[in-house]
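A.B. asks: Heads up, the sequence shown is in numbering that gives the first Met the number 0, so the first residue is 0 and it goes up one at a time.
One or more of the hints may lead you astray.
To be verified - Listed below are the simulated BS3-like cross-link pairs for lysine-lysine, each with C-alpha atoms no more than 25 Å apart in a straight line:
hint : residue 1 : residue 2
1    : Lys227    : Lys54
2    : Lys254    : Lys227
3    : Lys227    : Lys43
4    : Lys54     : Lys254
5    : Lys227    : Lys105
6    : Lys105    : Lys54
7    : Lys43     : Lys54
Source of the hints: derived by calculation from the structure; they are not laboratory data.
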Amino acid sequence: MKSQNGKHGCGFKGFTLIELLVVIAIIAILAAILFPVFAKAREKARQTACLSNEKQLGVAALQYVQDNDEDYPVCNTAFATSGSVNGDASIPKFSSWFQECQPYLKNIDVLRCPDGSNTVDTFVNGQNNDPATGLKLPFFHCLGANESIVNFSGDATNPQAVSMAQLHRPADTPFISDSSFMLWNEIRRIMNPSDPTLTPWFSPDTPTPGMARHTDGSNILYADGHAKYFHQSSMAINPSRGALGYNYQFGVPFKLDDDRLQ
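Could you put together the complete structure from these sequences and hints?
C.D. replies: Shown next as C-alpha cells:
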C-alpha cells in the first residue's frame, strides 16, 4: 500500500542530530540533578547503618556491665604486653574495650563504621600483644571510646573502668563514637579536629572538615545504651565555657566531673 504521495506509509522517522543532542542534554541535566540526591541518600543509609551498629554495641556493653558487677569495659591505653589489670588475670593489660564486648556481639562487623577505614593495621610503635609469638596488635580506624569511662583511673598501665554507680547521668555521658582509633581514642578527638596536639595518625580518616564522617557529623553511643547523631557544629568548643578548661568546653560533655553531667 502506498500513501497519496506515492511513498510507503510505514510511519517511521529517524532522529535528527539536533534531536539526539537535545535528548542527551536532557539526560545529562537529569543526571546532574539526581546523582547528588542518590549520593546523599547513600550517605544517609551509611549513617543509619553506623547508628544501628553503635546501638548493638550499646546492648553488648550493658550485658558486659551486668555480668561484671556493673563495671564498664576496661581499656589499656599503653599497650602493655604482659601482666593483668588490677590483679585480675582474666583482663590482660593489652586488652581493649571492644575485646571485652566481643563475646556479647553476634557480629564482629558492628565494630566497623561503614564510612571508616576497614583495613586492619598494626600499632605503629611496634609493640607486641603476644610476647611469645611477637604478633602485632591489630586495630581498626573506626570507633573510639571515652577514656573517662574505659580508663577512669587515668593509669595507662593499670587502667580501671568506671562503674555504673559513678555515672550521675549515663544518658548524657558519651561512651563510644565515630573516631580514627578504636583502642584508646577519647571522644573529644572528633570534636576539635584542629587541635594542635593531634598526631598525623588521625589524618587517614579525617574528611574535611574534621573527623565528622556522616554528613558533617558523627554518631555517639551513650553510657545508657542509646545512640544518636550530632552535627559537628553542636560538638564544637563553646567559647563561653573557656574559663573551665579545655576538656570542659565542648558542646558534648564527656568528662565525668563536667558540671553538665552532675
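A.B. asks: Next, verify each hint and record whether it holds.
C.D. replies: Status of each hint after checking the structure:
Simply put, Lys227 and Lys54 have alpha-carbon atoms about 9 Å apart, close enough for the 25 Å limit, and the pair holds. For the hint pairing Lys254 with Lys227, the CA-to-CA distance comes to about 19 Å; that is within 25 Å, so the pair holds. A distance of roughly 13 Å separates the Cα atoms of Lys227 and Lys43; the hinted pair therefore holds under the 25 Å criterion. Using a Cα cut-off of 25 Å, the hinted pair Lys54 and Lys254 holds, with the two alpha carbons roughly 22 Å apart.
Simply put, Lys227 and Lys105 have alpha-carbon atoms about 22 Å apart, close enough for the 25 Å limit, and the pair holds. Taken as a hint, the Lys105 and Lys54 pair is honoured in the structure, with Cα atoms around 13 Å apart against an allowance of 25 Å. For the suggested pair Lys43 and Lys54, the alpha carbons sit about 17 Å apart, so the restraint of at most 25 Å is met.
Comparing the model with each numbered hint stated earlier shows that all of them hold.
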